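Protein chains in written order, with our numbering: chain V, 1 to 171; chain S, 1 to 171.
Keep in mind the hints are simulated off the structure, nothing from the lab.
Possibly wrong hints are sitting among the right ones.
[Stated by the list, open to error] Away from chain V, derived, C-beta distances all over 10 Å, residues of chain S:
| id | residue |
| --- | --- |
| 1 | 54 |
| 2 | 77 |
| 3 | 92 |
| 4 | 94 |
| 5 | 96 |
| 6 | 99 |
| 7 | 103 |
| 8 | 119 |
| 9 | 136 |
| 10 | 138 |
[What the hints assert, rightly or not] Taking beta-carbon pairs under 8 Å as the criterion, some of the chain V residues facing chain S (in silico):
| id | residue |
| --- | --- |
| 11 | 41 |
| 12 | 55 |
| 13 | 89 |
| 14 | 106 |
Quantities reported herein were computed from a predicted structural model and do not represent experimental measurements.
Built from N, CA and C at the ideal position, the CB exists for glycine as well.
Listed here are the chains, written in short residue letters.
There are 2 protein chains.
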Amino acid sequence: MGLSLSVISGYALKSQRRKEAAPGTTWRKNMKISTRGRYGLRALIDIAAQEIGSCVPLCSIAQRQGLSEAYLEQLMSQLKKAGVVKSVRGAQGGYILNRAPEEISVGEILRVLEGPMYPVDCLSDTEKPSCGAASCSTCVTKPLWEKLYSSVNDVLESCSLKDLANAYLEI
Amino acid sequence: MGLSLSVISGYALKSQRRKEAAPGTTWRKNMKISTRGRYGLRALIDIAAQEIGSCVPLCSIAQRQGLSEAYLEQLMSQLKKAGVVKSVRGAQGGYILNRAPEEISVGEILRVLEGPMYPVDCLSDTEKPSCGAASCSTCVTKPLWEKLYSSVNDVLESCSLKDLANAYLEI
DNA sequence: TTTAATTCCTACCAACTTAGTCGGTATTAT
DNA sequence: ATAATACCGACTAAGTTGGTAGGAATTAAA
Chain V
1 MGLSLSVISG YALKSQRRKE AAPGTTWRKN MKISTRGRYG LRALIDIAAQ EIGSCVPLCS
61 IAQRQGLSEA YLEQLMSQLK KAGVVKSVRG AQGGYILNRA PEEISVGEIL RVLEGPMYPV
121 DCLSDTEKPS CGAASCSTCV TKPLWEKLYS SVNDVLESCS LKDLANAYLE I
Chain S
1 MGLSLSVISG YALKSQRRKE AAPGTTWRKN MKISTRGRYG LRALIDIAAQ EIGSCVPLCS
61 IAQRQGLSEA YLEQLMSQLK KAGVVKSVRG AQGGYILNRA PEEISVGEIL RVLEGPMYPV
121 DCLSDTEKPS CGAASCSTCV TKPLWEKLYS SVNDVLESCS LKDLANAYLE I
């Protein structure tokens with residue numbers, strides 16, 4: 001019934017992985033960091049852990065970290081545009097950190113890959129009551145969301161790529 | 001062509017609202033609190049702001065807060081199961097807080113409606129390396145996620161329904 | 001006792017997001 | 001030349017979000 005072929009395809013493989021991860025209960029995905037941020041961060045830690053100044057090709061990152069090379073490509077391209085890494089094309093090419101690892105915070109990486117860490121959209125620009133409230137200035141929850149936002153940012157800004165790469169090398 | 005009827009239906013109305021909210025750029029929805037948490041919290045603030053001990057029917061909450069009654073129903077049912085509110089059925093029925101508003105934290109409410117605030121799933125139970133790493137104990141990012149988790153929780157636990165209801169009444 | 005207001009319950013749905021895949025092009029060291 | 005690599009845009013299955021729809025059960029009040 002053409003089943004074997006379709007099961008072999010990449011799309012089907014993905015769906016298998018999804019199913020096995022799904023628990024019985026109805027889980028929400030809010031306040032979560034997605035694979036973009038997690039995988040991208042792992043890739044950067046991997047690069048930072050290699051000899052400094054050396055080109056690290058995607059295929060080697062993908063292999064060491066067990067990630068899809070094609071998916072990583074998307075993420076690295078975004079990180080390059082944002083100035084976090086630079087790339088060298090052609091054979092023996094790859095990616096290099098664009099700054100010292102202690103100058104790159106986890107917060108910056110996640111902001112590039114996931115967008116700003118606002119817990120609600122209202123925080124993104126002044127006076128846009130997307131919550132349906134009459135006005136943002138009379139919103140009683142806004143101060144709480146602002147506190148949450150700055151708290152999250154503080155934690156993510158306090159950790160640099162150097163910190164994580166050091167820990168990675170020690171294992 | 002049957003177009004007018006389908007446009008009038010609720011499904012079509014919803015899609016209109018979605019489109020107007022979508023900006024040009026590609027926004028991610030990670031690390032965000034969804035409508036479940038935001039609407040549910042607003043509903044509870046609304047109840048807490050009414051005369052204490054009085055039954056507050058969903059229709060009045062929905063009207064005052066500009067929310068869908070049917071959607072609120074889902075949320076309140078979950079909050080009831082979790083022991084945050086209790087309900088009175090029949091005419092003149094409605095919902096009442098199950099505890100004093102100062103005993104109900106925003107953290108509890110969001111946990112009920114959105115699930116636990118783990119930024120990554122690995123934190124949910126011991127040693128489940130859902131990230132693909134060899135083992136959770138060698139994961140260099142886990143301590144960071146744990147710090148993030150407790151930071152988020154601290155903020156949300158430090159704010160009670162009473163705090164928000166008071167602010168709400170002052171406006 | 002009827003009626004209206006209300007909670008409760010299950011199913012359903014369109015739009016959107018996520019987590020990738022696929023195929024091809026451009027560039028460059030060897 | 002060739003092989004390795006980055007770069008690019010289109011595509012996609014599965015899952016999630018933000019609700020609707022329709023009815024059943026319960027109860028205060030007329």
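Outcome of the hint check:
{"no.": "1", "hint": "54", "result": "holds (20 Å)"}
{"no.": "2", "hint": "77", "result": "holds (13 Å)"}
{"no.": "3", "hint": "92", "result": "holds (28 Å)"}
{"no.": "4", "hint": "94", "result": "holds (22 Å)"}
{"no.": "5", "hint": "96", "result": "holds (21 Å)"}
{"no.": "6", "hint": "99", "result": "holds (20 Å)"}
{"no.": "7", "hint": "103", "result": "holds (18 Å)"}
{"no.": "8", "hint": "119", "result": "violated (5 Å)"}
{"no.": "9", "hint": "136", "result": "holds (12 Å)"}
{"no.": "10", "hint": "138", "result": "violated (5 Å)"}
{"no.": "11", "hint": "41", "result": "holds (7 Å)"}
{"no.": "12", "hint": "55", "result": "violated (23 Å)"}
{"no.": "13", "hint": "89", "result": "violated (25 Å)"}
{"no.": "14", "hint": "106", "result": "holds (7 Å)"}
Hint violations for this structure: numbers 8, 10, 12, 13, all remaining hints satisfied.
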